[in-house]
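Trainee: With chain A held as given, fit chain B onto it using these hints.
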Amino acid sequence: MMIARSKLHSFLVALATSVVIAAAASCSLPTESGEFGDLPDRASFVDNKVSLFMEVRCGGLDCHGQDGRPLRIYGQTGLRLKAKADGSRDNSPTTDEERTENYRSVVGLEPEALAECFESKGEIIDTFQLLKKPLGIENGGIRHKGGPVLRATQSDPGWQCLYGWVSDNVDAAQCEQAAKIMP
Amino acid sequence: MKSRHQNRRNTLRSLTALAFVATVVVASGLGGCTDPVRDAEIEALGPEEPGVTPNAEHRPGQPCLHCHTKGGPASNKPFAIAGTIYETDQPGSKGADGITVQFVDSAGGAPRESPQTGPSGNFYVPLQDWPDLRYPVRVGLYEDPNGPPTVIMKSLINREGSCNFCHRPNLSDMTDDEIDDSRSSAGQIFMRSGG
Numbered sequence: 001m002m003i004a005r006s007k008l009h010s011f012l013v014a015l016a017t018s019v020v021i022a023a024a025a026s027c028s029l030p031t032e033s034g035e036f037g038d039l040p041d042r043a044s045f046v047d048n049k050v051s052l053f054m055e056v057r058c059g060g061l062d063c064h065g066q067d068g069r070p071l072r073i074y075g076q077t078g079l080r081l082k083a084k085a086d087g088s089r090d091n092s093p094t095t096d097e098e099r100t101e102n103y104r105s106v107v108g109l110e111p112e113a114l115a116e117c118f119e120s121k122g123e124i125i126d127t128f129q130l131l132k133k134p135l136g137i138e139n140g141g142i143r144h145k146g147g148p149v150l151r152a153t154q155s156d157p158g159w160q161c162l163y164g165w166v167s168d169n170v171d172a173a174q175c176e177q178a179a180k181i182m183p
Numbered sequence: 001m002k003s004r005h006q007n008r009r010n011t012l013r014s015l016t017a018l019a020f021v022a023t024v025v026v027a028s029g030l031g032g033c034t035d036p037v038r039d040a041e042i043e044a045l046g047p048e049e050p051g052v053t054p055n056a057e058h059r060p061g062q063p064c065l066h067c068h069t070k071g072g073p074a075s076n077k078p079f080a081i082a083g084t085i086y087e088t089d090q091p092g093s094k095g096a097d098g099i100t101v102q103f104v105d106s107a108g109g110a111p112r113e114s115p116q117t118g119p120s121g122n123f124y125v126p127l128q129d130w131p132d133l134r135y136p137v138r139v140g141l142y143e144d145p146n147g148p149p150t151v152i153m154k155s156l157i158n159r160e161g162s163c164n165f166c167h168r169p170n171l172s173d174m175t176d177d178e179i180d181d182s183r184s185s186a187g188q189i190f191m192r193s194g195g
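Protein sequences appear in the order of chains A and B.
Under the numbering used here, the very last position in the first sequence is 183; numbers go up by exactly one each time.
Under the numbering used here, the very last position in the second sequence is 195; numbers go up by exactly one each time.
Same shape as in the complex, but just chain B:
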């Protein structure tokens, strides 16, 4: 009788210990999937525009790879490089539609297919189309993909796949903090100056 009690107690102890270990494993597993810095940055981007569901034209001007990357909320569609191109450098400019973006990396490589912007000015290179990308990268924008480049980026892309990480949209009526922050933005990517 005593030994049955003892067996039950031992079994209970074992189950409790197992449950504890399982809880720790699950909790640490969940914890390992989140990046608090990235989470905060994504939250700061705000919600989708009303009535918009995620599609190729959503969230123009935002850093795409915050979400579209391993471990991100859109990790089912990871990008190698993505961004937004505007018609002009003016705040509120329309997106530049139909622009071909050509890349070349430090190994002479390029995406399987050069991406083209949509109506919002967004473009993206799926990760599977450029799995062996080797930074730094050079980039040119082409109104005519068979002609000369219309715009060539003056500097290198060194390691950031979100073009809009550095090229933040130009704003009007900026606060003092936004003006100071502009020191670290190359401004929005655009095809021509002026309105």
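For reference, chain A alone in the conformation it holds in the complex:
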């Protein structure tokens, strides 16, 4: 009787531990688990409209809205994660699933460099392509096939959005402003 009770106790402890581990794993993305250091989280990417900014400004079908791109961005006016059943264009708003995939794509580019940048509050960006490429060579960055699309200035809301996010100081209003296409 004592042995049976002891076995039951062990079984319950193991079960509870498994449930806790499984629940913890399902609540965080692998990219947020600290494997590469501290990274900006998915919520800050979505809630502060960094994803929206990148959907509009980077995710065109002739740019990063393509399946084959390492920085692959899904969005309402660009590449969709899933096709509509009849193959017609899906113009519905960007889904939560698509924004999660955008986050994965962005942090998966150079996670170590992103962690270094994030942990240094934006001090270390020398080789970080996510920040260097959009500047283009013309604006002190590196070669970007799409040319210079941002300027590292206070007056460029796109730069403020992206740099703010990777340096743990994002301003959603800047991202929203940067996502507007002026007529």
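Treat the hints loosely; a few may be bogus.
Said to hold, decoys possible - Taking lysine-lysine and the DSS-like style, the derived pairs with C-alpha atoms no more than 27 angstroms apart in a straight line are:
1. B/94 / A/84
2. B/70 / A/145
3. A/133 / B/70
In case anyone wonders, no lab produced these hints; they're calculated from the structure.
Mentor: Leaving out everything else, chain B in the frame of chain A:
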């Protein structure tokens, strides 16, 4: 006598070497003019419609700059931007004739003349009419060129001069592959919804 033979042999060797170098130069020159990816894409577009000779209305819905660009088979008539506009979003819709397409680039520039669609819905901006184009570009479609825009593109043109590269014609009875491929198409450019 021996030296004449030797001279001839040397001359022959020199000529052989020269021919070899010339062959290599010509072959590499020819090779440098082709882009196998683009060649495959052009081949996939298929031949002209029977009885059609290349003109401003040919191959509607196809990515014009595959051919009409430097190094392409129609490089004698390079385009800056070109595409096709349809009357509706329905598969098989007629081309929208007489639509004025107005552009503005990131430097505030525009083509020397805004293009207008022909009967097939095709329009094009010759490269010489917009040599200093600076992406990204915004675009609007005008039924009345002096009135407000009828349609404004919701996103930017970032670097692709072939509008139909992203705006592929809408199809009916699609295969599974075509349905999956539709994720990466903005659908055909059209003036109004419905049949």
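Trainee: For each hint, tell me whether it holds in the structure or not.
Mentor: Results for each hint:
The hinted pair formed by residue 94 of chain B and residue 84 of chain A meets the criterion: a straight-line CA distance of about 24 angstroms does not exceed 27 angstroms. For a cut-off of 27 angstroms, the pair hint linking residue 70 of chain B to residue 145 of chain A stands: about 17 angstroms separates their Cα positions. Annotation: proposed proximity of residue 133 of chain A to residue 70 of chain B holds, straight-line Cα distance about 26 angstroms (limit 27 angstroms).
Hint compliance for this structure: every hint is met.
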